[in-house]
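A.B. asks: Read off the chains here:
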Amino acid sequence: MSTTNQIQNPDGSPEPEFPKEHYLNASHGLKSWLLTTDHKRICILYLVSISFFFALGGIYAGLIRLELVTPAGDLFQPDTYNRVFTMHAILMIFFFLIPSIPATLGNFLIPLMIGAKDVAFPKLNLASWYMYVIGASLTLFALVTGGVDTGWTFYTPFSTTYSNTFVTTVAIGIFINGFSSIFTGVNFLVTIHRMRAPGMTWFRLPLFIWSHYATSLIMVLGTPVIAITLLLVGFERMFGFGFFDPALGGDPVLFQHLFWFYSHPAVYIMILPSMGVISEIIAAFTRKAIFGYKFVAFSSMGIAIIGFLVWGHHLFLSSQSVWAGLIFSFLTMLVAVPSAVKVFNWSATLYKGSIDYTTPMFYALGFLGLFTIGGLTGLMLGTLGLDIHMHDTYFVVAHFHYIMVGGAIMGYLGGVHFYWPKITGRLARGFWPHMSALLIFVGFNLTFFPQFILGYLGMPRRYHAYPDEFQVLHVLSTAGATVLALGYMLPGFYLLWSLKYGKVAGNNPWKAAGLEWTTTSPPSLHNFESMPVVDFEPYEFYPPQYDSAEAAEPVTGAEPAPSTT
Amino acid sequence: MSSEAAAHPKGLAHHFETFEQQKESSFLGMWLFICQEVMFFGGAFAAYVNYRVMYPDAMIAGSQQLNVTIGAANTLVLLCSSFTMVYAVWAAQSGTTKWGWSNGRHIVLGLVGTLFFGSIFLIVKYFEYGEKFAHHLVPGHGFVPPVTSIDNPAATEIFFSLYFGMTGLHALHMVVGMAIMLVMIPLALKGKWDRNNHNFVEGFGLYWHFVDIVWIFLFPFLYLIGESVQKFT
Ligand SMILES: [Cu+2]
Numbered sequence: 001m002s003t004t005n006q007i008q009n010p011d012g013s014p015e016p017e018f019p020k021e022h023y024l025n026a027s028h029g030l031k032s033w034l035l036t037t038d039h040k041r042i043c044i045l046y047l048v049s050i051s052f053f054f055a056l057g058g059i060y061a062g063l064i065r066l067e068l069v070t071p072a073g074d075l076f077q078p079d080t081y082n083r084v085f086t087m088h089a090i091l092m093i094f095f096f097l098i099p100s101i102p103a104t105l106g107n108f109l110i111p112l113m114i115g116a117k118d119v120a121f122p123k124l125n126l127a128s129w130y131m132y133v134i135g136a137s138l139t140l141f142a143l144v145t146g147g148v149d150t151g152w153t154f155y156t157p158f159s160t161t162y163s164n165t166f167v168t169t170v171a172i173g174i175f176i177n178g179f180s181s182i183f184t185g186v187n188f189l190v191t192i193h194r195m196r197a198p199g200m201t202w203f204r205l206p207l208f209i210w211s212h213y214a215t216s217l218i219m220v221l222g223t224p225v226i227a228i229t230l231l232l233v234g235f236e237r238m239f240g241f242g243f244f245d246p247a248l249g250g251d252p253v254l255f256q257h258l259f260w261f262y263s264h265p266a267v268y269i270m271i272l273p274s275m276g277v278i279s280e281i282i283a284a285f286t287r288k289a290i291f292g293y294k295f296v297a298f299s300s301m302g303i304a305i306i307g308f309l310v311w312g313h314h315l316f317l318s319s320q321s322v323w324a325g326l327i328f329s330f331l332t333m334l335v336a337v338p339s340a341v342k343v344f345n346w347s348a349t350l351y352k353g354s355i356d357y358t359t360p361m362f363y364a365l366g367f368l369g370l371f372t373i374g375g376l377t378g379l380m381l382g383t384l385g386l387d388i389h390m391h392d393t394y395f396v397v398a399h400f401h402y403i404m405v406g407g408a409i410m411g412y413l414g415g416v417h418f419y420w421p422k423i424t425g426r427l428a429r430g431f432w433p434h435m436s437a438l439l440i441f442v443g444f445n446l447t448f449f450p451q452f453i454l455g456y457l458g459m460p461r462r463y464h465a466y467p468d469e470f471q472v473l474h475v476l477s478t479a480g481a482t483v484l485a486l487g488y489m490l491p492g493f494y495l496l497w498s499l500k501y502g503k504v505a506g507n508n509p510w511k512a513a514g515l516e517w518t519t520t521s522p523p524s525l526h527n528f529e530s531m532p533v534v535d536f537e538p539y540e541f542y543p544p545q546y547d548s549a550e551a552a553e554p555v556t557g558a559e560p561a562p563s564t565t
Numbered sequence: 001m002s003s004e005a006a007a008h009p010k011g012l013a014h015h016f017e018t019f020e021q022q023k024e025s026s027f028l029g030m031w032l033f034i035c036q037e038v039m040f041f042g043g044a045f046a047a048y049v050n051y052r053v054m055y056p057d058a059m060i061a062g063s064q065q066l067n068v069t070i071g072a073a074n075t076l077v078l079l080c081s082s083f084t085m086v087y088a089v090w091a092a093q094s095g096t097t098k099w100g101w102s103n104g105r106h107i108v109l110g111l112v113g114t115l116f117f118g119s120i121f122l123i124v125k126y127f128e129y130g131e132k133f134a135h136h137l138v139p140g141h142g143f144v145p146p147v148t149s150i151d152n153p154a155a156t157e158i159f160f161s162l163y164f165g166m167t168g169l170h171a172l173h174m175v176v177g178m179a180i181m182l183v184m185i186p187l188a189l190k191g192k193w194d195r196n197n198h199n200f201v202e203g204f205g206l207y208w209h210f211v212d213i214v215w216i217f218l219f220p221f222l223y224l225i226g227e228s229v230q231k232f233t
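Protein chains in written order, with my numbering: chain X, 1 to 565; chain B, 1 to 233.
Honestly, the hints are just simulated from the structure, not real lab data.
Quick reminder that beta carbons are idealized off the backbone N, C-alpha and C, glycines included.
Any given hint could turn out to be false.
Claimed, not checked - Listed next, with one range per pair, are the computed distances between beta-carbon atoms:
id: 1; chain 1: X; residue 1: Leu384; chain 2: B; residue 2: Ala179; range: 49 to 57 angstroms
id: 2; chain 1: B; residue 1: Ile185; chain 2: X; residue 2: Lys123; range: 19 to 27 angstroms
id: 3; chain 1: B; residue 1: Ile216; chain 2: X; residue 2: Ile327; range: 29 to 37 angstroms
id: 4; chain 1: X; residue 1: Tyr155; chain 2: B; residue 2: Asp151; range: 23 to 31 angstroms
To be verified - Only pairs whose alpha carbons sit at most 27 angstroms apart, straight line, appear in this in silico BS3-like list of lysine-lysine:
id: 5; chain 1: B; residue 1: Lys23; chain 2: B; residue 2: Lys98
id: 6; chain 1: B; residue 1: Lys190; chain 2: X; residue 2: Lys123
id: 7; chain 1: X; residue 1: Lys511; chain 2: X; residue 2: Lys352
id: 8; chain 1: X; residue 1: Lys352; chain 2: X; residue 2: Lys294
id: 9; chain 1: X; residue 1: Lys123; chain 2: B; residue 2: Lys192
id: 10; chain 1: B; residue 1: Lys10; chain 2: X; residue 2: Lys31
id: 11; chain 1: B; residue 1: Lys23; chain 2: X; residue 2: Lys123
id: 12; chain 1: B; residue 1: Lys10; chain 2: X; residue 2: Lys123
From just these sequences and the hints, can you work out the full model?
C.D. replies: The following block contains the structure:
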């Protein structure tokens, strides 16, 4: 055997070697990728596809910011502007953010973290990617032939009756893409329940797994509701069934209830996996077990469950009764509790930790600050009185970007940097990765903080022209977006560069805890040489296996195991 | 582990350790899929409840246009299809080979029965739909309210939107199920499933029963609200 099982040691132990056999060279050719059922390769398929949609959604964001540099609507016609912000949101939400962490890092890591050879249903896993591709292609088709102008919320009766754009095509695209979410969710739930290695008890699971468990629950129970909702919109457009159009006796508010029943929890589909990543990064770079492990684990479940009961806070101004408003407002406050539990516990973990300022840690610290701002402004919007003032203003836009960009994407990028050595076997460290984290943090705040002020002053969302007094803040925001775009482009360069020139990572370059770091980087086709047995607690740093005299011995599989094929 | 060195048993996927693990995974996955379906139809039922409360008279008037006898007969047909489905699952579980038939043939017997009753259901539904077209009760296609003596006669169109939407989605689920059965029949005859390895048949059985249960809810919600109200008023 080569020395690839060695744990890399900065104190002068030999440089790790790149493993000879791993999942990337287990088979060759396009077919071996398009028909793969290996969860690790499916991660790569998703990684490539969602990066494409992230870039496309980003271009639309750039166009929006470009239009808003000047008060006059000089770049786009109002109709075009409607399409631009709609496509920005649809691409980013349905084809980037929702699959982002679960479909890439989740797919790659869940079997590795629990000591399984694959997810429970590998073929279903591949099918989920194809559903994603089909749904995304339909949406792209609608985009190039004219786009949609309803906003990503598809509010009725505009979307059912008045919009002359490709609403039905995009609705079908999102419907098909929903299967991808549901398949992933079912797969993860069954995998976590049934595929854990001996000794991997529920409370030995990494917090990444707990947050994906909670996420998967939302994917399985929430996605079908948006599916039926969009289907009803489709029926109305195609056959003239009057579900939502008041002219046909329909109830447009019913649409809003159904839509937000999914779309509020969908925010947790985006943020919960990020929270899981943050737990892993903070534990690894403070070299401490996460403070209050069980609280953090159950807070994920709490968020998933209470998150299903707060959708009405989007309808405070949509003829909802005051009593319903009060209850939804209260529940909205309640769902902030488990989120706060997480933030406090992460902060407590940082306290007196031996903090290692690596790129993933920068992203994680950025997440902590931005998510907290996003969460607290969400509480402001959840209060009945303030929401009347700030409803449909840039305050809302800034709030959810702090959650979905400052929170979810920071977590995603932090996770990609953290697990890049495991996925590719190469390191991407140093000046440029640090620079990307810094640019993103600065650019993000410069883009979105002015939008809080804009919204508070009364700038409504979804307008392409505005009064002169708002220009300074809009220009600041656009300047920030430029920095942000630069920050997002950087990783694209140095990560690709590292594939060829990056230093070989070795099994555990960060000296992190967890089963995924005990196997080779990149892992072999079946992940572990033999079935791992878990006899350590989560985030147990320096377990005897690591710092004993036999440090070179891997945690498991000391004997070269026979081939598993 | 020593079991890894040994050849992986036939019928056990490479990433599972034991048949038990494979079976439990497959059922948990199927139940989760059914939870997902419950939420899917749940959205439609939520819409139904919304309009039932908004337009009680129009919903009742719409319901009175449906033929309860045909609906009840069709419910019975669907229950028969569940019975034959149970036979297919039982045959796979017990591995029966009575009458000198192979086990696969017994499974197919159950599936063919299910296909038969499923087809009858869909054919009846076809004629029911056709009758609605003849009476201008199809929303969006020259709909004519069947009664004018109620508060909001135009809202009967919503009842028929729900009727076509919900029974249509139910029928679509049946068609998908029947297509899957057509694929299953040659596989069963080839002996793909036996006593130890028939998770797919059992999982499919769960699906078919679920689709039946959806109808068990649709039938009273759509067909019976008119009748019961007639009796009590
Ligand atoms: Cu919300």
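A.B. asks: Are the hints correct? Go through all of them and say.
C.D. replies: Going down the list of hints, with the structure as the test:
1. X:Leu384 <-> B:Ala179: 49 to 57 angstroms: holds (50 angstroms)
2. B:Ile185 <-> X:Lys123: 19 to 27 angstroms: Given a distance of about 21 angstroms, which is inside 19 to 27 angstroms, the answer is holds.
3. B:Ile216 <-> X:Ile327: 29 to 37 angstroms: holds (32 angstroms)
4. X:Tyr155 <-> B:Asp151: 23 to 31 angstroms: holds (28 angstroms)
5. B:Lys23 <-> B:Lys98: holds (26 angstroms)
6. B:Lys190 <-> X:Lys123: Between Lys190 (chain B) and Lys123 (chain X) the Cα gap is close to 22 angstroms, so the pair holds against 27 angstroms.
7. X:Lys511 <-> X:Lys352: holds (18 angstroms)
8. X:Lys352 <-> X:Lys294: holds (20 angstroms)
9. X:Lys123 <-> B:Lys192: holds (18 angstroms)
10. B:Lys10 <-> X:Lys31: holds (25 angstroms)
11. B:Lys23 <-> X:Lys123: Holds. Lys23 (chain B) to Lys123 (chain X) sits at ~16 angstroms (cutoff 27 angstroms).
12. B:Lys10 <-> X:Lys123: holds (18 angstroms)
In summary, this structure violates none of the numbered hints.
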